[in-house]
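> With the first letter of the sequence shown counted as 1, position 312 gets the number 296 in this note's numbering; the numbers rise by one all the way through.
Derived from the structure by calculation, the hints contain no laboratory data. For clarity, every value in this text was computed on a predicted model and none was experimentally measured. All C-beta atoms, glycine included, are put in the ideal place defined by N, C-alpha and C. One or more hints might be untrue.
[As the list claims (entries may be wrong)] Derived Cβ-Cβ restraints for the label pairs, each shown as a range: (1) 388 - 502: 47 to 57 Å; (2) 362 - 194: 53 to 63 Å; (3) 380 - 502: 55 to 65 Å; (4) 381 - 194: 44 to 54 Å; (5) 512 - 444: 27 to 37 Å; (6) 272 - 496: 22 to 32 Å; (7) 366 - 116: 38 to 48 Å; (8) 116 - 462: 28 to 38 Å; (9) 193 - 509: 50 to 60 Å; (10) 227 - 362: 45 to 55 Å; (11) 509 - 462: 36 to 46 Å; (12) 225 - 299: 14 to 24 Å; (13) 5 - 144: 18 to 28 Å; (14) 462 - 501: 30 to 40 Å.
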Amino acid sequence: MTGFSESAETMSLVAFTVVATITLLLCVMTGPDRDDLDEFYTGYSSLSPMRNGLAIAGDYISAATVLGTGGVIALYGHDGIVLALSTALSLMLLMFLLAEPLRNAGRFTMGDAFARRMPGRCVRVTACVVTLAALLPMMLVQLAGTGQLVAFLLGISGTGVETGCIVGLGALMISYAAIGGMKGTALIQILKMVMLLGSGAVVALLVLNKFDWDPVALFDTAAERSGVDDAFLASGLQFEGGPFPRLDMITAELCVVLGGACLPHVTMRMYTASSARQVRRSMSWAVSSVAVFVLIITVVGIGATALIGRETIARADPQGNSAYLLGSQAALGPEVTTTETFLFTAVTTAVFLTVLASVAGMILACANSLAHDVFADRVQDLTARREMTLARVSAAAIGIPTILLATLVQHRSLQPLVTLSFSLGASAIAPALVYALFWRRYTRTGLLSTLIGGSLAVVILMPGTNLVSGSPVSAFPEADFTYFPFTTTGLVSVPLGFAFGWLGTMVSGRRKAEEQRRQYEAVEGWILAGAVRRKD
-15 MTGFSESAET
-5 MSLVAFTVVA
5 TITLLLCVMT
15 GPDRDDLDEF
25 YTGYSSLSPM
35 RNGLAIAGDY
45 ISAATVLGTG
55 GVIALYGHDG
65 IVLALSTALS
75 LMLLMFLLAE
85 PLRNAGRFTM
95 GDAFARRMPG
105 RCVRVTACVV
115 TLAALLPMML
125 VQLAGTGQLV
135 AFLLGISGTG
145 VETGCIVGLG
155 ALMISYAAIG
165 GMKGTALIQI
175 LKMVMLLGSG
185 AVVALLVLNK
195 FDWDPVALFD
205 TAAERSGVDD
215 AFLASGLQFE
225 GGPFPRLDMI
235 TAELCVVLGG
245 ACLPHVTMRM
255 YTASSARQVR
265 RSMSWAVSSV
275 AVFVLIITVV
285 GIGATALIGR
295 ETIARADPQG
305 NSAYLLGSQA
315 ALGPEVTTTE
325 TFLFTAVTTA
335 VFLTVLASVA
345 GMILACANSL
355 AHDVFADRVQ
365 DLTARREMTL
375 ARVSAAAIGI
385 PTILLATLVQ
395 HRSLQPLVTL
405 SFSLGASAIA
415 PALVYALFWR
425 RYTRTGLLST
435 LIGGSLAVVI
445 LMPGTNLVSG
455 SPVSAFPEAD
465 FTYFPFTTTG
475 LVSVPLGFAF
485 GWLGTMVSGR
495 RKAEEQRRQY
505 EAVEGWILAG
515 AVRRKD
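Working from the sequences, and respecting the hints, build out all of it.
Below, the structure is given as structure tokens:
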């Protein structure tokens, strides 16, 4: 139960319906023509830097970030704040290192960026498989948490109701991706960011107001009500049950910093910028928006602990996913007035829209890769109309199984899935992008070794972490088959991802490496300086 009156719950339901209707209408109105691939995949690069930057930030800030990171801040204090800062740092890393070369090298998908230097069907298919592997777990997290979230907001419960919410919202998200394409989903992301930042800023200010605008008092009160005193504001609380808590924390942050902004649904937004200057300005807006959100979620998360206590948050959800909403509710106060009801409805609607927009962007990234890198590359002279139809069918082909899987895992701990996505981004995608964009001698064998080897390292190590078994909050708390001492795989899998790429290149031989060097030098101006923007 939300603790608000029936009128507040009714207003939330009405707001959800209105938002869903408006956003679907936006997708229909801005949907691309059936024979225009550039419009479907990039929206003609017509968005201004500010709007494109908000769309990038919207894709980057998922429901897992809003609810999951807010929960970690509320339950673990210092460790959660470091996690929030790591998300901002990850986007800054993309901005300064990869954004411009990625935009120059690619056209529609991550497979395009790799194939610019190393053409071949195997490269595109592998890029598609890694895209699906990295985004499917994250989509499951968003959808599986949707049922419980809506039930919490509307004060209803029951497995049937939660499953119905997952199916209904999943169908809506597929429609967003299939109908709206890149431009339609971008408009939803922009609306989401405006609502999320606006409502969150109001709640953060209300939290600070309750402590006389004294951040020190806010943090001290949160430490007192955390039940762990000074440990709440010290590092390592989240990982104190492991054998190497400090090293475990560093490993987790490494995966977030390297993997977060390299996930394909974020990198695909680089291709919507019309020039190198535009992508720089877009990323500036994106980083600024994410930095503001980090401040907001830190204040709200710490405020939730200070106002209602860590025990209450953990009782509502052991993972703390309801902390952002509980903190907002506490900041608004116990009086049920029209203004407070309206503000809480704005907060819940922003979170609801975050779920919709996040999954729609991920489905679009997967569908684009499947249609463009696998099907279109296989059929010579495939018409634009047929490729766009394939992309829309792919959205359904990916979304429907995801919905079914989400209904099966909705009552399990979803943290292993979030960690799996970030680990794959850090261990396979990030090394492949760095090598492909900057290493002249990087070969096709090296690229495939990076993508496949880094992914396998994560898949092999992840089941052995205590997020999957061996702890009360793991996905399988009744079992214990842990064999890896860290919560995330990054300490081993990230170096392995880079090592596989280097080893694969060395195994290719000097002749192949020199051939790749010459090929890279032929496109180096396009990739690093954007001298020419090829269309093939």
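> Now tell me if each hint is right for this structure.
Verification of the hints:
| no. | hint | verdict |
| --- | --- | --- |
| 1 | 388 - 502: 47 to 57 Å | 48 Å, holds |
| 2 | 362 - 194: 53 to 63 Å | 60 Å, holds |
| 3 | 380 - 502: 55 to 65 Å | 43 Å, violated |
| 4 | 381 - 194: 44 to 54 Å | 49 Å, holds |
| 5 | 512 - 444: 27 to 37 Å | 35 Å, holds |
| 6 | 272 - 496: 22 to 32 Å | 43 Å, violated |
| 7 | 366 - 116: 38 to 48 Å | 21 Å, violated |
| 8 | 116 - 462: 28 to 38 Å | 30 Å, holds |
| 9 | 193 - 509: 50 to 60 Å | 54 Å, holds |
| 10 | 227 - 362: 45 to 55 Å | 48 Å, holds |
| 11 | 509 - 462: 36 to 46 Å | 58 Å, violated |
| 12 | 225 - 299: 14 to 24 Å | 19 Å, holds |
| 13 | 5 - 144: 18 to 28 Å | 24 Å, holds |
| 14 | 462 - 501: 30 to 40 Å | 54 Å, violated |
Hint compliance for this structure: hints 3, 6, 7, 11, 14 are not met, and every other hint is.
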